[in-house]
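Peer 1: Chain by chain, the residues:
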Amino acid sequence: MAIVNLQNVTYKYPLTDVSALQNISLKVEEGEFVAVIGPNGAGKSTLCYAIAGFVPHFFKGELTGTVEVAGNESINSTLSEWVLNVGLAFQNPFNQISGAKYTVFEELAFGLENIGIPRAEMKRRVEDAMKLTGISDLADRSPYSLSGGQQQRVALTSILVMQPKVLVLDEPTSQMDPIGTREVFGVIRSMAERGMTVILVEHKVEWIAQFADRVIALKDGGILLDGAPSEVLTSPLLPAHGFATSRYTSVARKAREMGVWNGENLPVTLDEAVEGFSQRVKGIKS
Amino acid sequence: MRIEIQDLYFTYPTGVEALRGISLTIESGEQVAIVGQNGAGKTTLVKHFNGLLQPTSGQVLIGGWDTTRHPVAKMASRVGYVFQNPDEQLFSRNVGAEVAFGPKNLGFDIERVEALVGDALALTQLSDKTETNPYDLSATGRKMVALASIISMDTDIVIFDEPTTGQDAVNVRRIASVIAELRRRGKTVITITHDIDFCAENFERVIAMSQGKILLDGTANAVLGQEETLARTYVDPPQLTRLGKRLGFRDTVRNEEEFLDALKR
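Here the protein sequences line up with chains R and D, keeping their order. Position 126, counted from 1, in the first sequence is what numbering that gives the first Met the number 0 calls 125; the numbers after and before it change by one each time, with no gaps. Position 187, counted from 1, in the second sequence is what numbering that gives the first Met the number 0 calls 186; the numbers after and before it change by one each time, with no gaps.
Next comes chain R alone, as it looks inside the complex (with noise of 0.2 Å):
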């Protein structure tokens, strides 16, 4: 059964003539890791705001259709039944942080101690959290004194140690160096292998075609490709539509005009860019 469940999906915000999301049908998964592209203005948050209870929650404005989650419907929850099972990381850190907390430490069992979770267990969540995303050597720093990297890990543990059944996170790694950003996908990925239901926005489509399970491309806040890394990320609509390719892709299609790409396919990891073009390298150098 789908975990995450919209049926015609339309929602507008108070005092806008445009609707942000256009009657949007998806289902997704229980475990399921699933990225969601598109460009600026295209509705990936507003679908976050959605899928979390906050669209139309706390926008308010007007939502027709429905948002399913776990079986419940949103319009008929509380936004504090909401969260239960339901996190979401925003796009911006800042946002997030409660402002109430001293330490890092705290701002993470600030949520657990909102539903009444007993102290020995909090502790316990927090300090496996942390671990997980590695900001233990964090926790006794205010959460304003953080860069804005670390402040998004902090950001991404405040909503694990929840442990919601599914994981919406905004752009979570917007501000992470490489290496960052590729381990904290990497913790993402795992998330969802212990079966947590993951719904990412990410610009980052080198990282979303190593780890993601299926790709949504929106487009006008309407969606506009529903399918696997491989068949999403190389389709020409997304070039046409002024989304991001990885280079790999779009570096390879260069190739395919030029007539030195052997692929079948376009690549969409660095491994299969490899493989398509090592064939060339090897017919060149022998």
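Each hint should be verified, as a subset may be incorrect.
The following residues of chain R were derived to be distant from chain D, with all beta-carbon distances above 12 Å [what the hints assert, rightly or not]:
{"id": "1", "residue": "ILE114"}
{"id": "2", "residue": "GLY115"}
{"id": "3", "residue": "GLY194"}
Simulated restraints on C-beta separations [said to hold, decoys possible]:
{"id": "4", "chain 1": "R", "residue 1": "ALA239", "chain 2": "D", "residue 2": "GLU256", "range": "16 to 26 Å"}
{"id": "5", "chain 1": "R", "residue 1": "ASN75", "chain 2": "D", "residue 2": "ASP86", "range": "34 to 44 Å"}
{"id": "6", "chain 1": "D", "residue 1": "LYS212", "chain 2": "R", "residue 2": "ASP127", "range": "27 to 37 Å"}
{"id": "7", "chain 1": "D", "residue 1": "LEU60", "chain 2": "R", "residue 2": "ASP136", "range": "33 to 43 Å"}
{"id": "8", "chain 1": "R", "residue 1": "SER79", "chain 2": "D", "residue 2": "ALA179", "range": "49 to 59 Å"}
{"id": "9", "chain 1": "R", "residue 1": "TYR143", "chain 2": "D", "residue 2": "LEU60", "range": "27 to 37 Å"}
{"id": "10", "chain 1": "R", "residue 1": "PHE109", "chain 2": "D", "residue 2": "ASP250", "range": "26 to 36 Å"}
{"id": "11", "chain 1": "R", "residue 1": "GLY185", "chain 2": "D", "residue 2": "LYS212", "range": "23 to 33 Å"}
{"id": "12", "chain 1": "D", "residue 1": "ALA179", "chain 2": "R", "residue 2": "THR77", "range": "30 to 40 Å"}
Short, incomplete list of chain D residues facing chain R, as computed with Cβ under 10 Å [stated by the list, open to error]:
{"id": "13", "residue": "THR228"}
{"id": "14", "residue": "THR232"}
{"id": "15", "residue": "LEU246"}
The hints are simulated quantities; they were obtained by calculation from the structure and are not laboratory data. Glycine is no exception: its CB is placed at the ideal position from the N, C-alpha and C atoms.
Given chain R's structure and the hints, the job is docking chain D onto it.
Peer 2: Here is chain D on its own, set in the frame of chain R:
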């Protein structure tokens, strides 16, 4: 306008030693990218270029001006700095006023202010947004306003802190074209970035920092090919550089053109 940094050390009041002996010269008109892991000291370093931070020891000279002897307001006529987060720098009612604030503050006459504002808005493709409140724009739009409000100050040196964060492909190209135009005008452009592919495609010189020191400094190809050293500061080489290495190319390649040339060889 030359930037000269001599043995710069900086320690934050909290005791964090953020810069540990930086010496560096950037010539007039150079395009330099600074890369390195979170916390390497990149932002701390560039905040010394306009006097926002003062050295704990060592010296920073901007066109001969010692930053400890000139107030930030004065330094602002030589060095423009676009913050990582546009929301930290935007405050005006509308885009036109925001972009005019800097050049007005530098005391330029009204004709020059108008010309500079018109030029900066055209360059950032915001000419139709002069009456819009910056906070009614998307995060992307606000980023472009932040860029415009610094470009309009017509400084010889322009610093961008993470210009492509959260930007889509179309906007990354827009930002690249702004940088190319500044280069054409002979401006010095210094950009902090984690987007190593963007770095490879738009900058001739790359500085990699790690733990408050300069790890590597040289041409983009010389620096970006050093996979093992870069890994020490949490940076991967660009996608096409890695691909070229795996395919056994003799020379480091960093963009599509170089890659395809090497492939045809």
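Peer 1: Determine whether the Cβ-Cβ distance between LEU60 (chain D) and ASP136 (chain R) falls within the hinted range of 33 to 43 Å.
Peer 2: The hint (33 to 43 Å, Cβ to Cβ) holds, given that LEU60 (chain D) and ASP136 (chain R) are roughly 36 Å apart.
Peer 1: When you look at the beta carbon of GLY194 (chain R), is every beta carbon of chain D farther off than 12 Å?
Peer 2: holds (30 Å)
Peer 1: With chain R as the partner, please determine if LEU246 (chain D) meets the hint condition of a C-beta pair closer than 10 Å.
Peer 2: Holds - the Cβ of LEU246 (chain D) comes within 10 Å of chain R, reaching about 5 Å at its closest.
Peer 1: Honestly, do ALA239 (chain R) and GLU256 (chain D) meet the 16 to 26 Å range at C-beta?
Peer 2: Holds, since ALA239 (chain R) and GLU256 (chain D) (Cβ atoms, about 22 Å apart) stay within the stated range.
Peer 1: The hint says 26 to 36 Å between PHE109 (chain R) and ASP250 (chain D); measuring C-beta to C-beta, is that right?
Peer 2: Violated: the Cβ-Cβ distance is about 52 Å, outside 26 to 36 Å.
Peer 1: Taking 12 Å as the cut and beta carbons as the points, is ILE114 (chain R) off the interface with chain D?
Peer 2: Label holds. Min Cβ-Cβ 31 Å, cutoff 12 Å.
Peer 1: Take the C-beta atom of ASN75 (chain R) and the C-beta atom of ASP86 (chain D), compute their distance, and say whether it sits inside 34 to 44 Å.
Peer 2: The hinted range 34 to 44 Å holds for ASN75 (chain R) and ASP86 (chain D), with Cβ atoms some 35 Å apart.
Peer 1: Please settle this one: GLY115 (chain R) was flagged as non-interface, so is its CB more than 12 Å from every CB on chain D?
Peer 2: holds (34 Å)
Peer 1: Can you tell me whether the CB distance of LYS212 (chain D) to ASP127 (chain R) sits inside 27 to 37 Å?
Peer 2: Since LYS212 (chain D) and ASP127 (chain R) have Cβ atoms about 34 Å apart, the given range 27 to 37 Å holds.
Peer 1: Looking only at beta-carbon atoms, does the pair GLY185 (chain R), LYS212 (chain D) fall within the given range of 23 to 33 Å?
Peer 2: holds (28 Å)
Peer 1: Does the beta carbon distance between SER79 (chain R) and ALA179 (chain D) stay inside 49 to 59 Å, or does it fall outside?
Peer 2: holds (50 Å)
Peer 1: When the nearest CB of chain R is found for THR232 (chain D), is that gap smaller than 10 Å?
Peer 2: holds (8 Å)
Hint check: violations occur at hints 10, 12, 13; the rest are consistent with the structure.
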